[in-house]
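Colleague: Going down the list, the sequences are from chains A and B.
So for the first sequence, numbering that gives the first Met the number 0 puts the first residue at 0; every next one is plus one.
So for the second sequence, numbering that gives the first Met the number 0 puts the first residue at 0; every next one is plus one.
What the hints contain is simulated information worked out from the structure, not anything from laboratory work.
Here a beta-carbon is modelled for each residue, glycine too, at the ideal position from N, C-alpha and C.
So the derived list for chain A, only partly shown, Cβ under 10 angstroms to chain B, looks like this:
| id | residue |
| --- | --- |
| 1 | 18 |
| 2 | 22 |
| 3 | 222 |
Using 30 angstroms as the maximum straight-line C-alpha spacing, the simulated DSSO-like pairs for lysine-lysine come out as follows:
| id | chain 1 | residue 1 | chain 2 | residue 2 |
| --- | --- | --- | --- | --- |
| 4 | B | 157 | A | 212 |
| 5 | A | 277 | B | 67 |
| 6 | A | 135 | B | 48 |
| 7 | B | 226 | B | 103 |
| 8 | B | 209 | A | 135 |
| 9 | B | 229 | A | 135 |
| 10 | A | 279 | B | 22 |
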Amino acid sequence: MIEILNPGWHTSIQDQGRMGLQEFGIPYSGAMDMNSFNWANKLLNNSLNAALLEMTIKGPKLKFHAETVIVFTGAQMDIKHNGNKASLYSPIFIKKNDLLECGACKEGCRTYMSVLGGLQTERILSSRSQCNYITKSGHINKKRILQIKKESFELNKGVSLKSPLPSYNIKEIEVFKGPEFDLLEPVAQLKIATQTFTISHLNNRMAYQLEEKIINKLPEIWTTSVLPGTVQLTPNGTLIVLMRDAQVTGGYPRILQLSNHAVNILAQKSTRDVLHFKIKSFD
Amino acid sequence: MSQEKSFLKIFQYSETSILLEFKQEPKIDLLNELIAFKKTLNSNLCGIKQITLSYKSLLLQFSNPIKKDQNLKEEILKLYLSFDSSKSKIKSKHWNIPVCYESKYASDLIVLSKYLKLSQHQLIKLHTKPIYQIYFIGFLPGFLYLVGLDTKLYHPRKKSPTLKVCKGAVGIGGRQTGIYPNQSPGGWNIIGTSPTSMFDPDLKQPCFAKSGDTLSFYSISETTFKKIRKNRIPPNFREITL
Numbered sequence: 000m001i002e003i004l005n006p007g008w009h010t011s012i013q014d015q016g017r018m019g020l021q022e023f024g025i026p027y028s029g030a031m032d033m034n035s036f037n038w039a040n041k042l043l044n045n046s047l048n049a050a051l052l053e054m055t056i057k058g059p060k061l062k063f064h065a066e067t068v069i070v071f072t073g074a075q076m077d078i079k080h081n082g083n084k085a086s087l088y089s090p091i092f093i094k095k096n097d098l099l100e101c102g103a104c105k106e107g108c109r110t111y112m113s114v115l116g117g118l119q120t121e122r123i124l125s126s127r128s129q130c131n132y133i134t135k136s137g138h139i140n141k142k143r144i145l146q147i148k149k150e151s152f153e154l155n156k157g158v159s160l161k162s163p164l165p166s167y168n169i170k171e172i173e174v175f176k177g178p179e180f181d182l183l184e185p186v187a188q189l190k191i192a193t194q195t196f197t198i199s200h201l202n203n204r205m206a207y208q209l210e211e212k213i214i215n216k217l218p219e220i221w222t223t224s225v226l227p228g229t230v231q232l233t234p235n236g237t238l239i240v241l242m243r244d245a246q247v248t249g250g251y252p253r254i255l256q257l258s259n260h261a262v263n264i265l266a267q268k269s270t271r272d273v274l275h276f277k278i279k280s281f282d
Numbered sequence: 000m001s002q003e004k005s006f007l008k009i010f011q012y013s014e015t016s017i018l019l020e021f022k023q024e025p026k027i028d029l030l031n032e033l034i035a036f037k038k039t040l041n042s043n044l045c046g047i048k049q050i051t052l053s054y055k056s057l058l059l060q061f062s063n064p065i066k067k068d069q070n071l072k073e074e075i076l077k078l079y080l081s082f083d084s085s086k087s088k089i090k091s092k093h094w095n096i097p098v099c100y101e102s103k104y105a106s107d108l109i110v111l112s113k114y115l116k117l118s119q120h121q122l123i124k125l126h127t128k129p130i131y132q133i134y135f136i137g138f139l140p141g142f143l144y145l146v147g148l149d150t151k152l153y154h155p156r157k158k159s160p161t162l163k164v165c166k167g168a169v170g171i172g173g174r175q176t177g178i179y180p181n182q183s184p185g186g187w188n189i190i191g192t193s194p195t196s197m198f199d200p201d202l203k204q205p206c207f208a209k210s211g212d213t214l215s216f217y218s219i220s221e222t223t224f225k226k227i228r229k230n231r232i233p234p235n236f237r238e239i240t241l
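Can you make the complete structure from the sequences, with help from the hints?
Modeller: Right under this line is the structure:
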């Protein structure tokens, strides 16, 4: 069992999400930075879809009521294990009654903590990912108890534990043209391709808004399917990048689509971070 | 080939998805064609994870990144050209959804009826008369996109959304009417509330309705509203085969 003494800024349980249930209007969900999510499970030999904790901006304070092994990946963070500094990307051996105190994220804004065997929380609609309207809460609360499995652990020799840490200072966001991109005026297209954009304070697991505006003279479109990574242009010219918990349909023109890799990169960015789009083609 | 392509746009949307967009206004014929073609694609194309449907498009998501030499777009076009929608039978359901239009459950009914120059009774009659077509589910889990609102009831959304619209609230926004499956912020004019649960995450099929089904509303009293909500009575339906 893991007891939540303090939940941190925004901590939620995530796995790979709810792919396949979008015909009911259910968001995809799942870890925002799937790259860090995958590393966290790989380093413990967990199954690919094992549920873990996604910590945003500032991590939680936890008490362990059983022996286990955990791994941190993603954004750099000060982690104190019974008062001693612990590092990311290597297994931390936990004993009963151990305390874990997570600090603020540095360089990047989402840190992941996997647990041996994965968190054993309730599965709703084939996933343990927390999401508003689907699970009771969209995040973990103080005093919550998370069940874990008892499993034996062998250091995973196939995986390099000293893998190069990804850099979250990359400003380039790789995108493809969206279905309505070509309808934009050339000036607007040029602006999107060359300008630097700033992430607004309106950024969360559903979407990231950008501050700089693009003139929008496009007609409204019929509500249509959208994906995490779809960039919509609102009537007032705001660009909205949809993320993992976004609604599955939208009525704004779809200007760009982020690559899978770019969604993971953006997931580590936060308010006032800057970026520019690099438009690529599929060929 | 280019001629056939002029009414169907096949567009690579992401590394793992392809968008099929029909260049025509959404109509019931197109909806039936989309539903039938979705079925054809699901049984004929390899590696499909999911196909989602909206007013005039299908989004095909694949398990693996699409390779250029796969010629997927050509394969999809070929399938479409040899596809005959008249041959496919579509099984659907018609749902009867109870709505309490009493003022306690209809915060904007009086204002809206005055604005539309209708009596409250006339407004309710115009709302309960049509058979609405369910196009797809989106916006919120269990939110049905319905087509068929009487033109006399068209009314723009509120300028600023209400922060808390109740679960089950039935609203009018522009040319659309719909049921809020959960409490959420919303900009529609609320003319009633349905006691029927539109979305239950604890069920294997969390929403009873699907694309291609139809729906109509009927007016109920507050007593019936309370009874249905308390006993979680599911809505009545009848089967339709086209």
